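**Q** Sequence:
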Amino acid sequence: MSEKIGLNSDAVAVHFAVLLRSVDAAVIGVTPEGIVNIWNRAAEDLFGYADHEIVGKPLSILTPAEHAASENEILQKLRLTDAEHQVETQRVHKGGRTVDVYLTYSVVRNDQDRVCGILVIADNVAENRRIEKAERDQLFLSAIISSAEDAIVSKDLNGIVTSWNKAAEDLFGYTSEEMVGQTISLLIPLDHPDEEPQILARIRRGERIAHYETQRVRKDGRVIDVSLTVSPIRDATGRIIGASKIARDITEQKRAATREKEALHQAQQARKQAEEANRTKDEFLATISHELRTPMTAIVGWSRLLLSGQLRADLQQRALETIDRNARSQAQLIEDLLDVSRIVSGKLRVDLKPVDLGSVVLAAVEAIRPSAEAKRIRIQTLFEAGLAPILGDAERLQQVVWNLLSNAVRFTNPLGSVQIELGRVDSRVELRVRDNGIGIKEEFLPHIFDRFSQADSSIRRSQGGLGMGLAIVKSLVELHGGVVSAYSAGENQGALFTIRLPVSVVWHGRSLPPIQDNVVKTALFDCPELVGVKILVVDDEKDTCDMLRFIFNSVGAVVETASSAEGALAAFDRWHPDIIVSDIGLPHVDGYELIRILRTQRRSAVPAVALTAMARIEDRIKALNSGYQMHVAKPIEPKELISIVAGMAALVDRNPESRT
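Under my numbering, the first residue of the sequence shown is numbered 365, with each subsequent residue one higher.
Since the hints were derived computationally from the structure, they do not count as laboratory data.
In this text the structure is predicted, and so the values were computed from the model without any measurement.
Across the chosen pairs, the derived CB separations fall in these ranges:
id, residue 1, residue 2, range
1, I524, I573, 15 to 21 Å
2, K986, D904, 16 to 22 Å
3, E759, T964, 33 to 39 Å
4, L671, T745, 42 to 48 Å
Calculated pairs, EDC-like style, for lysine to aspartate or glutamate (alpha carbon to alpha carbon, straight line, at most 20 Å):
id, residue 1, residue 2
5, K898, D910
6, K583, E542
7, K1003, E759
8, K618, D514
Where a beta carbon is used, it is the ideal one built from N, C-alpha and C, also for glycine.
Produce the entire structure from the sequences given, and follow the hints as far as they go.
**A** Here is the structure:
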């Protein structure tokens, strides 16, 4: 070997040979003529030729035909110079395939400084690139893991943590130094004891667990919701040696999902309530249409018959009574609607004074007695003697009792009975209205005092009404500081309504004003006279003007009518009325503007009554503030209107000059 490369020392030659065979790079020695004389183990691995197959052969065996010229040029140049030459090229493997190599050529000189050979070092370009790529990939993967927003953790098959990225530190609160080498069970809540063994068992079977939602415990003890994806880690032989885990914090996502679920539930509930409200509204509109049209049918029908002039005298009286009864029914319906409106807006008021509740109850009993007698229903009263008065509004309390009695009579079959009990219980007066009628269904009982609620709201129902009476009762009783309750053992078991009102603390034995009977007398001859009083009636409805003219003429008043504010002003200037009775809802110029003109431009203090269908409290206040002395809501009883106007007659200034 030493002779081939011109070395004189055998020891050096042996050492050199051992060194060449142990290096990883392919080392090839060639003579100046290009004959291979050195071939190490790495060269065998790279090109496939054994030492004995290539030594003594020309190096050109490895050179593809297309690179032969360039190979000769390199060898020739090396013989003439000492310059090292490097080139990336291709060579042929023993098996015939092409190998990408990087060759480094160096000149070898002997002791006499003569060129005695050429040393070629060959690197496998593909392998180097593969290694470089693997290194780059490893660096890239490390960078990805380090910068990932998701926690990336690896563990062995015993659950011991082997890697822990920055996101895992942020998510769980533990540093890499604190977790690597520790069991992953540190993160698992105590109430999930079987979770980690089950996960490891699935990993050992080669299963991948994707998007598994669970909970983990941070270092600070806070429990968070996480989504886990756990995959097996395999070695080069495919054997499973551990698991990689990607964890994502979904706490806020879960909260958002919960909020969304709650919002959806609320939306569904709101929709359900809206649908129920819409259904209730439709039922209410259908019911109110029925309740308004029913009395109107009788009114219109009998009115037409009267106008035809074909009714006998006895039927004429019956027609008038029927018209009057149905008109009152319709007026009561409208009053109930207005009361409900006041209740909803919080504007229902009561005028509290000492009241003898017994007298109130008796007045309500007398008002309802004709209806009870028509059905042959017996009304029984049981009053405790010596009851103290209460502080209340007599008219509103009578409305409460009348509503309860009216319901009792309506829902009690013929030949039934209604019992009214009045007594004292502790510091309260207790009123009980009991009947043996059709009773109340158990499922409807909690809603008995709701507005517009009816046990049967279908068109086939046997009883009328809008379902407002008991709601009004509840509101009025509560305005008096009392409570009302209802009880029924079930259908056909009757019903019991109980009202408890506080006893008045201001009673000193003074006599109480008598309860007025609300039954309206149809005759007008016993009303106050208005002989000679000039009344200007202003209303755009001709029928209303004619009716008011007849009413006032019947008690001696002199009446002029006008259908507009313009006409009223002309009549005022020409006729100088003593009193004005005007509607508010006039065309073009309304009643508010009319009274303003009279008070400011005409400088007139003539007494004026606003007679209008605008019956809210704010309407009354606006009318009075505008300059009217009285606000009277339509419809009105003739006797009541005459009394109001008669009361205002005292304000009439009989001096014509002062009225203009």
